[in-house]
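Novice: Sequence:
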Amino acid sequence: MQEDHRPWGYFRVLSDEPDHKVKKIVVYPGKRLSLQLHHHRTEHWFIVKGRALITLGERELNLGPGQAVDIPVETPHRVANQGEEDLVFIEIQTGDYFGEDDIVRLEDDFGRR
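Residue 17 in UniProt numbering sits at position 17 of the sequence shown; the count goes up by one each step and never skips.
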């Protein structure tokens with residue numbers, strides 16, 4: 001399975017089905033994903049390794065291995081790795097569309113739109 005590298009780390013698609021998609025996501029120390037939302041999918045994040053600081057709407061959550069969070073459609077969210085090792089989590093997407101163009105970036109450290 002091919003890795004898709006980004007400025008914050010990389011992801012690998014583990015399963016891509018009509019009704020769901022599963023990714024393994026790795027975030028490098030000190031990096032974070034964009035603050036974003038999706039119109040067509042919910043996400044479930046399960047932390048495998050490292051510590052995650054998750055923004056979910058107006059809340060911030062600190063999660064570690066074995067912990068998880070559900071992200072509803074249209075909810076602004078982001079994950080940051082504030083630790084000194086890679087953050088690894090599994091993302092399960094459910095909905096009616098899973099394309100990378102269903103990412104509405106609200107803030108981005110790397111100038112992406």
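Hints were generated in silico from the structure; no laboratory data involved.
Mixed in with the good hints there might be a few duds.
List time: in silico BS3-like cross-link candidates among lysine-lysine, alpha-carbon distance up to 25 Å [what the hints assert, rightly or not]: (1) K21 / K49; (2) K49 / K24; (3) K23 / K49; (4) K31 / K49.
For each label pair, taking beta carbons as the anchor points, the in silico distance ranges come out as [claimed, not checked]: (5) H39 / L61: 18 to 24 Å; (6) E107 / N62: 18 to 24 Å; (7) D19 / G111: 18 to 24 Å; (8) H40 / D4: 16 to 22 Å; (9) D109 / E17: 18 to 24 Å; (10) E100 / T75: 25 to 31 Å; (11) F110 / E17: 27 to 33 Å; (12) Q2 / L61: 14 to 20 Å; (13) Q82 / D19: 31 to 37 Å; (14) F110 / H40: 22 to 28 Å; (15) I90 / P7: 19 to 25 Å; (16) R113 / P65: 16 to 22 Å; (17) E17 / H39: 15 to 21 Å.
Just so it is clear, CB atoms sit at the ideal spot from N, CA and C, and this is done for glycine as well.
Novice: The structure should be examined with respect to each hint, and the outcome stated for every one.
Specialist: We went through each hint and held it up to the structure:
Between K21 and K49 the alpha-carbon distance is near 20 Å, which keeps this suggested pair within the 25 Å criterion. Of the pairs offered as hints, the one joining K49 and K24 holds, with about 11 Å between alpha carbons and a cut-off of 25 Å not exceeded. For a cut-off of 25 Å, the pair hint linking K23 to K49 stands: about 15 Å separates their Cα positions. Pair hint K31 plus K49 holds up; C-alpha atoms about 15 Å apart against a cutoff of 25 Å.
At roughly 23 Å, the beta carbons of H39 and L61 sit within the given window of 18 to 24 Å. For the pair E107 and N62, the beta carbons lie near 20 Å from each other, so the given range of 18 to 24 Å is met. D19 and G111 have their C-beta atoms about 34 Å apart, which leaves the hinted 18 to 24 Å range violated. Checked against the hint of 16 to 22 Å, the C-beta distance between H40 and D4 comes to roughly 19 Å, which is consistent with it.
Between D109 and E17 the Cβ separation comes to about 31 Å, which falls outside the hinted range of 18 to 24 Å. The supplied range of 25 to 31 Å is broken by E100 and T75, whose beta-carbon atoms lie about 18 Å from each other. Roughly 30 Å separates the CB atoms of F110 and E17, a value that falls within the hinted 27 to 33 Å. The hinted range of 14 to 20 Å is not satisfied by Q2 and L61, whose Cβ atoms lie roughly 30 Å apart.
Separated by about 34 Å at the C-beta atoms, Q82 and D19 satisfy the suggested range of 31 to 37 Å. For F110 and H40, the hinted distance range of 22 to 28 Å is satisfied, since their beta carbons lie about 23 Å from each other. In this structure the hint that I90 and P7 lie 19 to 25 Å apart at CB holds, the actual value being about 21 Å. A hinted range of 16 to 22 Å for the beta carbons of R113 and P65 is inconsistent with their spacing of about 33 Å.
Range check, E17 to H39: Cβ separation about 20 Å, and the 15 to 21 Å hint holds.
Taken one by one, the earlier hints fail for this structure at numbers 7, 9, 10, 12 and 16, listed in ascending order.
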